[in-house]
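One line per chain: the protein sequences are L, G and E, in this order. Under numbering that gives the first Met the number 0, the residues of the first sequence are numbered 0 to 169, in order. Under numbering that gives the first Met the number 0, the residues of the second sequence are numbered 0 to 323, in order. Under numbering that gives the first Met the number 0, the residues of the third sequence are numbered 0 to 396, in order.
To be clear, the hints were calculated from the coordinates, so they are not data collected in a lab. Don't take every hint at face value.
Claimed, not checked - Dumping the calculated DMTMM-like pairs for lysine to aspartate or glutamate here, alpha-carbon to alpha-carbon at most 25 Å:
1) 83(E) / 77(L)
2) 83(E) / 97(L)
3) 319(E) / 77(L)
4) 356(E) / 77(L)
5) 81(L) / 56(E)
6) 66(G) / 217(G)
7) 9(L) / 109(G)
8) 9(L) / 229(E)
9) 136(G) / 347(E)
10) 316(E) / 109(L)
11) 121(L) / 56(E)
12) 121(L) / 109(L)
13) 136(G) / 58(E)
14) 121(L) / 121(E)
15) 84(L) / 109(L)
16) 66(G) / 47(G)
17) 302(G) / 6(L)
18) 136(G) / 161(E)
19) 319(E) / 109(L)
20) 113(E) / 109(L)
21) 302(G) / 220(E)
22) 84(L) / 42(L)
23) 323(E) / 131(L)
24) 121(L) / 86(L)
25) 9(L) / 97(L)
26) 121(L) / 161(E)
27) 62(L) / 131(L)
28) 165(E) / 135(L)
29) 121(L) / 168(E)
30) 136(G) / 21(E)
31) 146(L) / 131(L)
32) 302(G) / 193(E)
33) 121(L) / 193(E)
34) 319(E) / 52(L)
35) 34(G) / 81(E)
36) 136(G) / 60(E)
37) 319(E) / 97(L)
38) 34(G) / 164(E)
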Amino acid sequence: MLRAIIDNLKGLYSLLVGLSITGRFLLSPQRTVHYPRQVVAPESLASFRGPLELVPSADDPAKTRCISCQMCVRACPDNCLKVVKGEGGKAPAVWVYDFSLCCLCAACVEACPASALRFSHKVYLTALTRDELKLDLLADLKARAAKAAGGADARPPAQPPAGLEPQARL
Amino acid sequence: MALSLAVFVQIIVAVLLVIGLMVGNAVVMVYVERKACGFIQRRPGPFEVGPRGLLQAVCDSMKLLGKQIFVPGNIDWPLHFLAPVVAFLPVLLLYLPIPFGPYLTSLQVDDGILLILAFAGLGAVSNILAGWSSNNKYGLLGAARAVAQSVAYEIPMIMALLAVIFMTGTMNLTTLVEGQGGWPWQWNIVRQPLACFIYVVCLVAETNRAPFDLPEAESELTAGFHTEYSGMGFALFFLSEYANMLLVSFVCAVFFLGGWRGPFLDGFWWTFAKAYAIMFFIVWIRWTFPRVRFDQLLNLNWKWLLPLSILNLWLTAVVVKLAN
Amino acid sequence: MSGLGFINPFGVRELPGTTTGDFYTANFAQKAQPGRVILNLGPQHPSTHGVLRILAEMEGEYVWRAEPVLGYLHRMHERMAEVKTPQQFLPNMGRVDYLHPLAWNWAYVGAVEKLAGLEPPERAQWLRTLSCELNRISSHLLWWGAFVMDLGGVTPILYAFEEREKINDILQIITGSRLTMSYFRLGGVCADADDRFLALTREFVPYLRERLKMYRGLVTDNVILRRRLEGVGPIDVDMCRRYGATGPVLRAAGSPNDLRRDVPYGTYPQHDFWPATGFPDDCFGRYLVRLAEIESSLDIVEQAVRGLPPGPIMVDKPPKANFKMPAGETYFAVEGARGQVGVHLVSDGGKNPYRVKLRAPGFSNLSLFAEAAQGTLLADAVAILGSLDLVIPEIDR
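One chain only, chain L, in its complex shape (with noise of 0.2 Å):
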């Protein structure tokens, strides 16, 4: 009996410990990261697996290094890349990619020979539709090699969409 009361007070007392451990947290800094007035530091993405992006040659940056070998195809799992060789020379003139397919595993970057394959940081990728997904690289890289042309870095940090500014506080 005495046992048992002895017991349940040192309960209470662990109640009141986890009603102070709780009521600390209560005052204590929020740990949301609220996207999209918040982002995350663009450290944080640096190896982070977004859609695959075609790497520009040395020479041109609008040009790509692929030579259109099939070895990415044929060691993709999911069967989502579609690259088609183009009239004369090995440069492809279809570079498909379908990210809604992809699972990420690095397989085509590890498997090309040529080095033409990496992974984006895009992390605020969104689409409304799986067609949207179809992601043609060809035209992504001739894109970033304008961005890169008026001046703007060629691989820049994570950006969140337009017309959401980051903000430091909420």
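Based on the hints, put chains G and E in the right spot on chain L.
Positioned in the frame of chain L, the structure of chains G and E alone reads:
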């Protein structure tokens, strides 16, 4: 007390005000609960709708009002639709004897606390009706738990209040408050700490709040007795849950914390401040503790709270007798 | 429940006896005694964590008989292994058990390496240990939160997620993803650890040790939790052996089985740790074993960061896309967060394996449940289910 026209009008006005209080309380408490829960869990809680999310609860209630009422098959429909109403209506009555302020009392009843305790039991009836009529096994289990729980915890609750009544010799809530002073050491909690503790435990159990939220134990019974309710049916349960919480908090404030009396500037704000402090405490423990098991809940009641409350009552009786 | 009909003025369709429901319910109901209720927990139920379904024969609050129904998340991983080369199948391993993907990575890669005779370089081995242990911690943390949530405490899981996010941040640096990691390759790992990774890991270890003290105050010492768990659902070594249960469930039962010790692989022989045993065999013991394992994993992580040798992270000639395993049969098992993760691989010398059998620890652990839950209260059954740490995708595969 003759039921004169003036009293009748007074009751009507009071009921309307109480409905306003109930709805306003639910809106405020939904917001406070979600914010407190968010802050405890180190996240901001609702903040998208309105400044700092203030309009979130309003939007939620709009949503509940606008929702289609989904009726499951094979229900006992009169009871199914009666249950939320039964949950909601008695609470209106329960607020009548509460003295919010020195003059702000809906109805001066000499046996005010008796009225409250008598009608508070109806909440369990609504839980049974809801659980039984919705033809859902989770609902049925929840209803069975609700009955056992509220029947069990009513007894030590009454015993705890009875100790205070022995001591002060009145069941009139206004007189009770007037018997206490403004400073904390003049409150009944100092003279009856055990009764206050028992009452607070029973208060959490009676309102089916965590850690005693067994009738709606989410991880076991999905939502317990109101599993099959949607839209307004659910909203009424929700409303009555918060109204019940506020009511027992008011009773606690009146009985143990000096009601409207404060260190300075007596008035209804003290009652409200004290009641909402207790409400916040209930919210706080909900987001801190795991849930007890059902047999533990009943054991706690029958083996600990009830003997303790009887002991407390007996001690109070002896002391009162000797003092006289 | 059919008794409701007589007060139903609309006379809607009467429930025809006890044989309602689908095949499983009808089958289960045949053995039910009259007066008992068949309760169907799941496939959508808050405490079954996904799409597990449990049929329970209840008398009041007591569970008399329980039967798990599986297969709602069957994704044919074993079949996929037969039509894909080992390299192509690797990302699947991150999806089998999404909470401890690196153990599955290791099991499959290890099986193929064992068959092909590949020996990954020293640094790759250490990185495997390091990342696998970090992943184990994150798995146990999520289990901790989810288990307390099963018991009704909602807040701890969000605290656990703070730490889990930190681990995800750390593992993302080397694996590139936060959940379904695919980091191991045949003959090594795919990315090297940089300074940031090592610095964050070094920072994380003391941080988590500090937080574990808070866990203790908030949950472990809490009287409500203790009384919910102590003495509930005892599972002894004999029962574990009969069902093939491994991992923390077996260790809580008192048997110090740990593949990292018993069948050493990777760099585990060089680490100083001891499997957590000596706890009661009830739910509370299983709870304590996992918390103790977090601490022992932290020790291993600390040692691995300290002892990480320089060198290559891949064998000299990594297997190419046309890599063919020699014909043969092999079995490789690692210690996952839930128990023995095994891959039985049969190759006929072709590009794809002939047959791959994945041994999921959760499957054996779940088989226990029917026996362990017999005669318990519903709330206890939920606690036992939570204490087994089930990941349904892994069970259904």
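Worksheet item: Do the alpha carbons of residue 136(G) and residue 60(E) lie within 25 Å of each other, as the hint requires?
Response: holds, 11 Å
Worksheet item: Quick one, are residue 9(L) and residue 97(L) close enough, alpha carbons at most 25 Å?
Response: violated, 60 Å
Worksheet item: Does residue 356(E) pair with residue 77(L) here, judged by a C-alpha cut-off of 25 Å?
Response: holds, 21 Å
Worksheet entry | Holds or violated: residue 113(E) to residue 109(L), with C-alpha atoms at most 25 Å apart | holds, 22 Å
Item to complete: Take a quick look at whether residue 83(E) and residue 97(L) sit within 25 Å of each other, Cα to Cα.
Response: holds, 19 Å
Discussion item. Just to be careful, I want the Cα atoms of residue 121(L) and residue 121(E) compared with a cutoff of 25 Å; is the pair within it?
Written reply: Roughly 34 Å between the alpha carbons, so the hint for residue 121(L) and residue 121(E) is violated.
Worksheet item: Within a Cα-Cα threshold of 25 Å, do residue 136(G) and residue 347(E) meet the stated pairing?
Response: violated, 53 Å
Discussion item. Tell me if the straight-line CA distance from residue 319(E) to residue 52(L) falls inside 25 Å.
Written reply: holds, 22 Å
Worksheet item: Given the hint that residue 66(G) pairs with residue 217(G), does the C-alpha gap stay at or below 25 Å?
Response: holds, 22 Å
Worksheet item: Does the structure keep residue 121(L) and residue 56(E) at a Cα separation of 25 Å or less?
Response: Violated - the C-alpha atoms of residue 56(E) and residue 121(L) are around 51 Å apart, more than 25 Å.
Worksheet item: Within 25 Å, alpha carbon to alpha carbon, are residue 165(E) and residue 135(L)?
Response: violated, 34 Å
Worksheet item: Are the Cα positions of residue 136(G) and residue 21(E) separated by 25 Å at most?
Response: Answer holds: residue 136(G) to residue 21(E) is near 17 Å, not above 25 Å.
Hint check: violations occur at hints 5, 7, 9, 11, 14, 18, 22, 23, 24, 25, 28, 32, 35; the rest are consistent with the structure.
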